[in-house]
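Protein sequence lines, in the order shown, are assigned to chains W and F.
Residues in the first sequence are numbered from 1 upward in steps of one, following the working numbering.
Residues in the second sequence are numbered from 1 upward in steps of one, following the working numbering.
These are computed hints drawn from the structure, not numbers from a lab.
Any given hint could turn out to be false.
A pair counts as met if it fits within one copy or between any two copies, since identical chains are not told apart.
[Unchecked claim] Calculated lysine-lysine pairs in the DSSO-like style (CA-CA distance at most 30 Å, straight line):
(1) Lys50 <-> Lys34
(2) Lys13 <-> Lys30
(3) Lys34 <-> Lys2
(4) Lys13 <-> Lys2
(5) Lys38 <-> Lys50
Now for the letters of each chain:
There are 2 protein chains.
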Amino acid sequence: MKNFQIQIRVRFKEGILDPQSQAIEAALQKLQFKSVEKVACDKLFMIDLKAEDEGQAVQLGRQMANQLLANVVMENFEVELVSA
Amino acid sequence: MKNFQIQIRVRFKEGILDPQSQAIEAALQKLQFKSVEKVACDKLFMIDLKAEDEGQAVQLGRQMANQLLANVVMENFEVELVSA
Numbered sequence: 001m002k003n004f005q006i007q008i009r010v011r012f013k014e015g016i017l018d019p020q021s022q023a024i025e026a027a028l029q030k031l032q033f034k035s036v037e038k039v040a041c042d043k044l045f046m047i048d049l050k051a052e053d054e055g056q057a058v059q060l061g062r063q064m065a066n067q068l069l070a071n072v073v074m075e076n077f078e079v080e081l082v083s084a
Numbered sequence: 001m002k003n004f005q006i007q008i009r010v011r012f013k014e015g016i017l018d019p020q021s022q023a024i025e026a027a028l029q030k031l032q033f034k035s036v037e038k039v040a041c042d043k044l045f046m047i048d049l050k051a052e053d054e055g056q057a058v059q060l061g062r063q064m065a066n067q068l069l070a071n072v073v074m075e076n077f078e079v080e081l082v083s084a
């Protein structure tokens, strides 16, 4: 078993209403950042784990996202290997 | 004024206690992901904006992070240009 770091990025699917992003957009406008046109807030989970190889590390990441980290009805996710 | 997309990544400083990450770590362990050793949750703001040039776009991003998006006492941030 070797040490790996993976990154799981979770974001809302196209068309899903995201009140947090809208609130940040409105707050930035109020702070005079008038040139802001759109804000999206993604979540980024950095996970250190042990695995047999890179493939297994990414595979574990996909399982974690499906089971816990992402709401797959409303969100998409991407798993990436950061370091081996 | 041209369109740019910037990305602002906000993460806790080293040594700051992050209960959300700890809770996710514990939940993953309970779901039988025993090989997980550490979890960190970062925030990623994707911002579409208008600016004169790339330098101004990144500069605006730094101001937004300082004024609203990051708690600079506990968090670090990085601003990156994603697309011009």
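Do the hints match the structure? See the list:
no., hint, result
1, Lys50 <-> Lys34, "between (46 Å within a copy, 9 Å between copies)"
2, Lys13 <-> Lys30, "both (27 Å within a copy, 28 Å between copies)"
3, Lys34 <-> Lys2, "between (48 Å within a copy, 14 Å between copies)"
4, Lys13 <-> Lys2, "between (34 Å within a copy, 26 Å between copies)"
5, Lys38 <-> Lys50, "between (38 Å within a copy, 10 Å between copies)"
Violated hints are absent here; each numbered hint is respected by the structure.
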